[in-house]
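Participant: Residues per chain, in single letters:
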Amino acid sequence: MVKQASLLRELQSIVGKEHAHKPKNDRDGAVDGMSPQAIVEPHTCEEVAELLRFANSERLAVIPRGGGRQTDLGNIPASYDIALSLARLDRIVEHEPADLTVTCQAGIGVGALDSHLARSGQMVPLTLDPNPADPLTVGGLLALNMGYIRVSHGGPRDFTIGLKVITADGRTSRAGGKVVKNVAGYDLCKLYIGSRGTLAVIAEATFKLFPRPQIKETISLEFADCANACRVATETKARALSIVDAHVIPPQHTTRGSANQPGGYILHLTCAGEPGSVERSCKEASKLAARAGGAPLDSDSQREQRTSSEASEHAEYPLSVRVRVLPSLVPGFIRAMEDQTEGPFDAVPLLGEVTWVWVKAGNQRDWIELARAAASRLGGTAEVQFCSPELKRQIDVFGPPPPSFPLMRAIKQQFDPNNILSPGRFVGRL
Amino acid sequence: MTAPSPLIRDLQTAIGRRWVLHAPEDLLVYEYDATIERGLPEAVVLPDTPQQVAAAVRIARRHGIPVTARGAGTGLSGGAIACEGGVVIATARMNRILEIDADNCLAVVEPGVVNLHISEAVAPYGLYYAPDPSSQKACTIGGNVAENAGGPHTLRYGATTNHVLGLEIVTPDGDIMWLGGKAAGTPGYDLTGVVVGSEGTLAIVTKVIIRLLHKPESTITLLAIFDEINEASETVSAIIAAGVLPAALEMIDKNTMDAVEEFANCGYPPDAGAALLIEVEGLREETEEQSNAVRAICEKSGAREVRVGADPAERERLWAGRKAALGALGRKAPSYYILDGVVPRTKLPAVLAGVYEACARYGFPVANVFHAGDGNLHPNILFDERVPGATDQVLALGEEIMRLCVDAGGSITGEHGIGYEKRDYMSWIFSEDDMEVMGRLKLAFGAAEVFNPGKIFPTSKGCGEVTSRMRAAIAKIGPDAYV
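If you read the sequences in order, they're chains A and B.
Residue numbers 1 to 430, in the numbering used here, belong to the letters of the first sequence in order.
Residue numbers 1 to 483, in the numbering used here, belong to the letters of the second sequence in order.
Just so you know, these hints were derived from the structure itself, not from any lab.
Misleading hints may appear alongside valid ones.
[As the list claims (entries may be wrong)] To be clear about the criterion: a stretch of chain B counts as covered by chain A if any three or more of its residues have a C-beta under 8 Å from a C-beta of chain A, and this derived list gives those stretches:
#, segment
1, 50–56
2, 243–252
3, 306–313
[As the list claims (entries may be wrong)] Lysine to any residue pairs mimicking SDA-like chemistry, simulated, CA-CA at most 20 Å apart:
#, chain 1, residue 1, chain 2, residue 2
4, A, K208, B, A130
5, A, K237, A, A361
6, A, K208, B, L245
7, A, K208, B, G126
8, A, K283, B, S218
9, A, K237, B, D103
10, A, K237, B, A241
11, B, K215, A, P401
12, A, K392, A, R53
13, A, K237, B, R156
14, A, K208, A, T218
15, A, K283, A, I215
16, A, K237, B, N162
17, A, K392, A, L351
18, B, K254, B, A360
19, A, K283, B, E285
20, B, K215, B, N104
21, A, K237, B, G126
22, A, K237, B, E285
23, A, K208, B, R61
24, A, K208, B, K215
25, A, K3, A, I14
26, A, K237, B, A102
Remember, predicted model here, so these are calculated numbers, not experimental data.
Using N, Cα and C, we set each Cβ at its ideal position, and we do this for glycine too.
Can you make the complete structure from the sequences, with help from the hints?
Facilitator: This is the structure we're talking about:
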């Protein structure tokens, strides 16, 4: 094992003195409370490749990071030597508006990319209105296969057409290409997207672009019954309305809930597109809601509109768990949970996704088991999002590995035989 | 009659005598697909269950011979051809729709189900299956998964890979395993996404969970006629740049229109240079606005006429010429060679000009009818294979056209697959490192040369005489081919 002083010197010789440093404090570059020996900020793909070749030969554990906001997602690292920050790989490589494609580096902020594309009336459908101050990066969302308008546009796997990655042994490898339709060779983009930094470091991505919606409107509807709120969301889809996002949240999560009146479940529906269809979608959704006993919330309460940064708030709570079941089973899952525990949740019924948050400490292990059992009874899965490092040491945040786990292990073995990339962090502690 | 070989006996025991074909006359039917190649298997099995598929795989491995899966045999890159012999697993009997879950917009189907049958079966629920390869009346979902099939509506809805939620597969070891599932978010690597488009080289698919879409409220089809093909290709870019994302955006060139008019009266003017077929879908408000915008762009770009159809009968009429195109071309020449390449949309005018120039230089007529909105070209080169040397010439021309696509920053296949038609071109777009990394995936699946050997990768062993056989067989593309 390389000593820290000489490690730093080695890293500095690759990226320059000012771009490799020791953690400045406990939180700098930390993952689940573990600090790396060094943080490096390469500026080019060649530097990333050289760093990985070095780490691979020295068997040093490398965890790639973007804005750092969601870095704690995943199992506790088996070891952690180098934080590989992609912050300086933040350029737009190529954007030809009429081709409706863009190539950018992984470290670019979602907000920066979006404001560039906005000038051409286009977007990568990762989120509708990113907050420029949000540290969310393109590479981070790719690693998680995460997006905030998946209801209408799917996740990154659905609109990423090419990737440039650096493999654990420091090779630069391309998957896909720069054209929107392409079936040449294995679709390794699918493999890397959502692999959470365990197979290769994503350095560059090419996306298929979409026209930017002309307008966007969110309506908020209140229901006494959670199942009705979920059903209205589903019905808007069956009518092919212009819905891009739909969340159901429980009473205590609303402003009105904090007042004396208990309030009901809130359905936030976001419609986007051209004005005519957005107007009609909102109108029809309100009508559907009215038939199911839903009432529009006054504009004051609409301040509760979700923003993409809300997920980060979960990190401050003792525990959050994300459950995925079939969309039609979301109300049943919520009911089962409410019978046995408290806590706000954020459900996206159209995706079959419910994030449950426990805001006060208690018996977190039991709660995890509770959520896992409720999900599993409905054929779903549960992933612990945020909890204390102490708790994480005792659990596998992903729960039991899927039946295809032997193939996953074989893939990890082929792509990262020395287990240097985010070791131990993925499913089954891959 | 000679006694069956040990291989045949083993297969018969596992799958039943009736479902194991080994007589030469029976095997002939399975020797080719819709295109260019032939390869005679030693046996064809028609299993009925995943367990029988797994048994056939284990038997083949025990006998040290490869396995090739086969759907309807409509593929356009030789994907279903057993180029090194071995066992062909045909999915014809596994053709059941096992479950339709309308509430969750999904269905579980067997691989031998015909693409169009799915949309027919779910139509009563107001749902449909979006990927619509032109062969959808014949091709099977298993083949679609293997090739990551596309179609005209890929432009808005994506290809097969965007509509598959999970797969039951048989691994090269003969294990049955689920990848993905009905509910999104199966933890771990996206193995479903990796197997889709792997051309039968990693696994054999025995069940497919597909995503269904709600039918749009409104669909409007426009047919714009242009004097010059350049105007048409520039209109494609103009529509995309204007922020309209049509469901389909197809180009039909002059040679295609002439061929179509000769036997189906679609009302294409004899002196037109090209036509664009544009379809917009969504809410009424949306399609109205978009169709008006598209019409205005077409007219501004020089369209001499724009026909609009909103009801099913009118729309059908506008599509008729596009759908009849390949059949019509079959009447123009004894043989034709369908190419599949992709270019960035802005390069379309230049690459199309290059295609016409190259074909003129070689002296072959070419008809272009293709998915222009995606930049997915399908030049059809018309020729007569009986003329000595013509086939060689056509292949050289095809290679040159593929080069044009790659030089423009494009790809060598948008929806037909590499197969072994194009495995030697892989190095034009992928470096040795890129392909080495793809090879790791094959190693992880333990698939070395078990499934569909000789496909995709130029480094695969065997198939030494591929090219010569390919040349001999190219003429087999018939008038019932699809594109």
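Participant: Identify every previously stated hint that the structure contradicts and give their numbers, smallest first.
Facilitator: 1, 3, 5, 7, 10, 11, 12, 14, 17, 23 and 24
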